[in-house]
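Protein chains: 2
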Amino acid sequence: MKTSNGVASSLLLRLDSRSHTPLHEQLFEGIRARILAGALAPGLRLPSSRQLATELDVARSTVLQALDALTAEGYLVAQAGSCTRVAPELPILSGDRSREPGRPAAARASSSGERGPRLAASARALKPTPVGAPRLGAAPRAFRPGVPALDLFPTALWARTVSRVHARASTGLLDGGDPSGHAPLREAIATHVSVSRGVRCSPAQVFITAGTQQAFDEVLRLALNRGDSVWVEDPGYPGARRAVLAAGGRPVPIPVDGDGLDVGAGLARAPRARVALVAPSHQYPLGVTLSLARRMALLRWAERTRSLIIEDDYDSEFRHRGRPLTALQGLDDAGCVVYVGTFSKSMFPGLRLGFLVVPPSLVDIFSAARAASPAPASTLEQAALARFLAEGHFARHLRRMRAAYRERGEALLDALVAEGSGVLAPRPCDTGMQLCASLAAPLSDLRVRDEAARLGVEVAALSDYFLGRRRDAGLVFGFGGVRPDDMRTGTRALARAIEAARRRDLRTSPPHPRGLPR
Amino acid sequence: MKTSNGVASSLLLRLDSRSHTPLHEQLFEGIRARILAGALAPGLRLPSSRQLATELDVARSTVLQALDALTAEGYLVAQAGSCTRVAPELPILSGDRSREPGRPAAARASSSGERGPRLAASARALKPTPVGAPRLGAAPRAFRPGVPALDLFPTALWARTVSRVHARASTGLLDGGDPSGHAPLREAIATHVSVSRGVRCSPAQVFITAGTQQAFDEVLRLALNRGDSVWVEDPGYPGARRAVLAAGGRPVPIPVDGDGLDVGAGLARAPRARVALVAPSHQYPLGVTLSLARRMALLRWAERTRSLIIEDDYDSEFRHRGRPLTALQGLDDAGCVVYVGTFSKSMFPGLRLGFLVVPPSLVDIFSAARAASPAPASTLEQAALARFLAEGHFARHLRRMRAAYRERGEALLDALVAEGSGVLAPRPCDTGMQLCASLAAPLSDLRVRDEAARLGVEVAALSDYFLGRRRDAGLVFGFGGVRPDDMRTGTRALARAIEAARRRDLRTSPPHPRGLPR
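From first to last, the protein sequence lines stand for chains A and B. The letter at position 439 of the first sequence is residue 439 when you use this note's numbering, and the numbering goes up by one with no holes. The letter at position 435 of the second sequence is residue 953 when you use this note's numbering, and the numbering goes up by one with no holes.
If we strip away everything but chain A, and leave its shape as in the complex, we get (with noise of 0.2 Å):
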């Protein structure tokens, strides 16, 4: 680099013209790199642009573009006579550090090892996802719980519902739409769950969610103060204390035995609770329902203490045979349930659709609390989605899948009989896409997860959804997205994977004891 009165003679710039960057987007990062590293130090007056279109041999509009952006940028000022100056009071980023331009930021930051910004203590304890454990986003394998029958869900019929509603769509939907949902979905919602759920409520009552681990995050933030208990089923669904904790709240296990939540033990351990979060009608992970007399018992408690139950009903529509049970929101008079419902297994758990119904007497209030917000979740899809139900779409191919349901569950029951190597015992299963099997031998039930991942079979171990001391062992097989002919592979390749997990407990003595906290 010469300058001579603080005037630079040549750039050192070189372009390269088969560069796939514009030879002006070369010249601006080039001057831009060695103003910042203090190459080109601040006043430093440049060559005028016709002396670096010759230079760099380019077109002179080619340098005035360059230059006028790094004007506007504020690396150069123009002066009279079409002179340009580096910025005279230019701040370098850091004097201590040898910059070098073009490396990309990536390689720089990794390598400066306990730099980078800090993070709240709860962000610093989070841990990579254990080895074994149901990841999201990899292609689901038998018998990840949750996915339903994607194989026949109709997606050439909901493809064209989707292609009508935004061949004919309104600026009005390419907008953002109404915070609480698309109106016409909402009210589709409020007839749909009233005929099969016994859900009561008008359409105001209806809001709609980007699924259910939303609707939990809105709800438990309006509902909690910082410290707040809240009652969630022990075992039960991670998603519940999750949200809880982000909540500010405080996860209290209450235990889940043949008829539901305990709610006797609930009062005897939170009186005080401010919310319980219960899946009544089809319980995660065990599938037991709520008898009557609890759902009256937690209800009146409710009501007496002003506490929230939010009605978890994820799966229930998919009651195998018979009528689907009502849900508890159809048995509530004091306005204590706030419902949840989602669009993850009915329809398909990309679409990120769900929704709550809450008491009247809240609809103000998340009224006023969305008002500021944009839509929940993408008009022209729930648009599609109100015209799927609206058209009765829905409601047949929810019919279909409860067939499909009640054919894959009995196939999975036989196949786990036939080759479960005598030492699981299925629970009942009239509902929904899972099905939790005790493990009767003393096996670490995340043993034989682990060893049936390394087979390919992709089962939960029923230990992870305890959250307090009791750890029963189990399998929780989903069932939804398997066809018959598959169970019987997958059952085999887990029936191999319990003997190697037996095999592996003969060997490092005394086994895992079943049951004890871990």
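Hints listed in this document are in silico derivations from the structure and should not be mistaken for laboratory results. Wrong hints could be hidden among the right ones.
[As the list claims (entries may be wrong)] These stretches of chain B come out as covered by chain A in the derived footprint (C-beta under 8 Å, 3 or more residues):
{"no.": "1", "segment": "729-741"}
{"no.": "2", "segment": "749-760"}
{"no.": "3", "segment": "816-829"}
{"no.": "4", "segment": "878-887"}
Just so you know, these numbers come straight off a predicted model, no measurement behind them. Note that the Cβ used here is the ideal one computed from N, Cα and C, for glycine as well.
With chain A fixed as given, assemble chain B onto it according to the hints.
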């Protein structure tokens, strides 16, 4: 109701054969309501199904269907000899309330006044949207800020792209998908922002979000401990301070002048802030750009204190002339900047898609935080957007929009000069789809806004965007969604609104003092 020896001789029910509700549903609901009301006592034996069928004049299968459902839900117990009893231990919800089955829950609960669940202190403070404030959900009118040129959006092209993706939807796409976002979309975004925004990143650093607000929430929750300070621009985007409060942080208003955020004031007021939330390329609502000297000072502060900078880059791709200004992220060598982008302006608000670019050192933490979450947005829409970007439609659309916003911005400036009553001093506008004008007369911008709303014109009041003591008066105009021909109509109505506000001020002197805290 006649009962003898604990046997009901009749249910005194009447079914309506012309109702839309199936007969078995009517019977189910009728018996259930009588049990809940205590009219059918616990342990009472019901007439046989044959008797009931005769009494009600329906098929026996109809009766059996209802009795089965009631048994499944625990209201009845089946006993030997096909005898059915009301469940013996049924708690009644609350004895002191006369139940009226069939009366909707809404009516009951709304009449209960102070009853219903308690909520968090923060929720009780929620107020309905103030009159005149831009209300999301209602159809946008001239000049609502934040509305892009939806009339120029290539709806047919987008519909075709969406249709093609839906028609070939694999089960992988129907399934939940990657919690970090659809991989091809992350790739397309990494390419786009590096070319058009000077952002340096790999696809692994890109995380898909459901828009800017969700992005702020996610980053702030990971970055803040309770009570941590956050620099927010004053005046600034209200969603930024809302997100800070929701994450438990303390927003510290930092003044904005012609060079953008006053970094020196930030250093003086909250040197130990954990996060700075800024819009360096195009500040909202003032429209200024953060100067290069301040960019450097901001980055130096963040590096030294290991703080995080959230760069809100919501619309700076729409620089009306010349090259868009390079993102702050491109200057960040220490890995302090999280870049927040959105497709709400560049595509349309109803899409609900945006993205984060996090520093390399934070990729693992963000991945771990999302590992247990569902996909951030509809997988099929993510796939469609990826294709729209990869096929070059997005870049072409941006180019057309840049020209359109230049044209619309100039039309608004011309109209304001012609009709602005001499009291409006528009600030320079070279980017995006908003324009801010100072109100020169001693007029309350809130009053002008309200008068304008009465005349069908939507403008935002600048003083509403302030958080600290300073409250400059001005009007914020969105011109993105306004056709050039409609500009004049809107500004003429606005001139009448200003005249009306002026007359009111004369009547109700002393006038609202401009710039003072309210």
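Taking the hints in turn, this is what the structure says about them:
For a cut-off of 8 Å, the count of residues in the segment 729-741 of chain B with a CB near a CB of chain A stands at 5, and the three-residue condition holds. Under a criterion of three residues with beta carbons nearer than 8 Å to beta carbons of chain A, the stated coverage of the segment 749-760 of chain B is upheld, 3 such residues being counted. Three residues within the 8 Å Cβ limit are the bar, and the segment 816-829 of chain B against chain A gives 7, so the coverage statement holds. Proximity of the segment 878-887 of chain B to chain A, defined as three or more residues with a beta carbon under 8 Å from a beta carbon of that chain, is established by the 8 residues found.
The structure fails none of the hints (numbered hints given earlier).
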